[in-house]
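Can you build the whole structure from these sequences, using the hints too?
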Amino acid sequence: MEWFATLLESPRFYSLLRSVILLAVGLPLLQLLATTGKRVAKKHTNEQAAMLVGKAIFYTGVVMLVVMVMQNMGFKLTAILGAAGIAGIAVTFASQTSLSNIISGVFLIWERPFAIGDVIDVGGTIGLVLSIDLLSVKMRTLDNRYIRVPNEMIIKSQVITITRFPIRRMDIDVGVAYKEDVGRVMKLLGEIADANPFALDEPRPLILFKNFGNSSLEFMLGVWFSKTDFLHLKNSIMRDIKERFDAEGIEIAFPHLSLYSGSDTAPFPVRVVKTD
Amino acid sequence: MKWQPVTLREGTVRHWQIGPCKLWVRRTPDEWQTYVERDPLSPNVEVWSSELDVPDEVNWTRWAAVPHDYTLRVQPALPERPVIVRPESPFMFPPGSNLTFFISVPIWLNISTGADRPQLLCEEPTVILSNSFFGEPTTGQLGYALKTTARRHRAELRQQPHLAACPIHIHNPSAATVSFERLCIHARHLHILQGEDRLWTSKVNVTFKGETGEQQLAYPAQTVDAAGETTSLTPAREPAPQGRFQKPLAVLKTFIA
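Residue numbers (the numbering used here), protein chains in the order written: chain A, 1 to 276; chain B, 277 to 533.
Hints are computed from structural coordinates only; laboratory data are not their basis.
Do not rely on the hints blindly, as some may be mistaken.
In silico SDA-like pairs for lysine to any residue, Cα to Cα no more than 25 angstroms straight-line [what the hints assert, rightly or not]:
| # | chain 1 | residue 1 | chain 2 | residue 2 |
| --- | --- | --- | --- | --- |
| 1 | A | K38 | A | F107 |
| 2 | A | K187 | A | F245 |
| 3 | A | K187 | B | S365 |
| 4 | A | K234 | B | P316 |
| 5 | B | K423 | A | E191 |
| 6 | B | K278 | B | T506 |
| 7 | A | K187 | B | L405 |
| 8 | A | K227 | B | E356 |
What follows is the structure, given as structure tokens:
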């Protein structure tokens with residue numbers, strides 16, 4: 001029991017006890033504060049911003065708690081902070097990329113160019129956003145590959161949020177033979193769009209006579225559709241165009257090459273060979 | 277016996293045809309099985325719970341059944357999405373207009389089981405309507421496209437079993453002439469009623485509030501007197517918000533001073 005009496009008389013014991021109590025009460029309290037802050041932030045902002053608020057509360061609290069514990073244990077903070085400053089400079093130099101990603105992540109969360117569940121195109125890579133974290137954005141490509149894109153890259157490059165708006169337009173190029181009636185082709189394209197249940201009747205389909213092409217008269221059919229119907233529309237309207245044009249006798253053009261035998265455009269000599 | 281629950285014992289098949297939509301329902305010992313096909317060439321046919329043979333090569337949709345539950349309901353329903361109505365020819369409402377016209381809305385078939393507490397199996401549209409969109413491309417809402425001849429009299433309406441007549445009452449107390457281009461009707465606020473010879477929906481009241489294009493759409497629970505004697509069949513999916521001004525404009529946005 002003597003050792004116990006000695007322990008009780010030691011001032012170090014009490015500072016240690018206070019530190020343990022500080023940590024035992026402080027950490028769960030911080031966790032609670034962070035969760036509450038996250039929940040409140042989620043009501044007013046999005047999930048990523050809420051996550052950021054939660055983490056900010058927790059880690060700020062942890063730093064304060066550690067400082068309090070160290071003070072309580074009798075450490076000289078001035079010396080520690082001085083050392084931490086030097087270490088901080090070294091760490092900063094070493095982790096420039098990570099810091100850049102973190103700051104980019106904060107901007108991403110603040111700017112909200114896309115959200116979890118959106119389909120985005122980053123430098124030609126198209127995928128579904130799985131998470132937006134402080135360092136990177138995780139995506140699942142359409143052929144089911146997992147891609148991690150650093151936030152810095154997203155901030156620096158052009159990002160297309162394909163599913164941002166409820167509707168999109170699909171532009172389909174159609175080439176028909178030069179002998180076809182332009183007005184009739186345009187009318188048929190309009191009827192094809194009207195008859196397709198996945199094509200929106202409003203906004204009206206865009207039908208353009210684009211160009212006199214090398215081998216065809218070039219048209220564009222721009223059909224609006226609900227963002228969830230991309231595949232349904234793509235498959236059905238291409239089939240509709242082919243079937244309708246076939247039924248109406250409209251020739252869908254393919255590349256042609258006309259050969260002339262000379263400046264007088266004399267005909268090619270043709271030899272007819274009798275076969276059995 | 278239209279729209280009445282029927283009892284299907286194990287191993288039996290029943291057939292319905294409501295206009296172009298043909299429905300077969302089969303009860304096996306453990307399952308309900310449904311099959312739907314559409315025949316646009318027979319919009320006037322009406323078959324109620326007959327024992328017609330099942331066509332060859334049917335791709336049944338299977339539903340796990342509650343044991344000893346043999347009650348099946350086929351009820352009319354209206355689309356969950358808004359119906360965006362466009363007149364076939366321009367229709368103008370001069371100042372002071374106070375009129376009613378009718379549109380025909382294709383119904384959905386709500387198929388449910390259970391004697392006491394109906395359990396929804398599925399909903400099948402009698403006609404596949406094209407998609408449409410109402411409002412700005414960035415913020416508008418998706419709906420179904422419906423062209424209408426906007427008939428003014430009941431006798432002029434098409435008499436087909438899969439169509440419910442929806443009365444639209446227009447009131448234009450403003451000083452501007454309004455051109456009816458498109459109208460966005462939230463069909464989920466409409467009730468379905470059985471009339472003497474056809475289905476009706478509760479009416480839609482549209483009141484214009486001047487040149488800003490603002491208008492008030494109200495969805496009262498009753499239909500118009502022209503419907504004659506009616507009985508309630510299907511309640512609205514969702515009650516309409518009260519006293520709220522909507523601006524489903526673009527719709528009727530063109531004003532002629």
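- Message: Check whether the Cα positions of A/K234 and B/P316 lie no farther apart than 25 angstroms.
- Response: Given pair A/K234, B/P316 holds - Cα atoms ~24 angstroms apart, limit 25 angstroms.
- Item | Agreement of A/K38 and A/F107 with the hint, judged by alpha carbon distance not exceeding 25 angstroms | holds, 18 angstroms
- Taken at face value, is the distance from the CA of B/E356 to the CA of A/K227 at most 25 angstroms? Holds. A/K227 to B/E356 sits at ~18 angstroms (cutoff 25 angstroms).
- Message: Against the 25 angstroms threshold, does the CA-CA distance of A/K187 and A/F245 hold or violate the hint?
- Response: holds, 12 angstroms
- Task: Assess, step by step, whether the Cα of B/K278 is no farther than 25 angstroms from the Cα of B/T506, and give holds or violated.
- Result: holds, 14 angstroms
- Message: For a C-alpha distance cap of 25 angstroms, please report whether B/K423 and A/E191 respect it.
- Response: holds, 15 angstroms
- Item | Given pair status - B/L405, A/K187, alpha carbons within 25 angstroms | holds, 21 angstroms
- Task: Would you check the hint for A/K187 and B/S365, treating anything up to 25 angstroms between C-alpha atoms as holding?
- Result: holds, 19 angstroms
Figure legend: structure checked against the earlier numbered hints; every hint is met.
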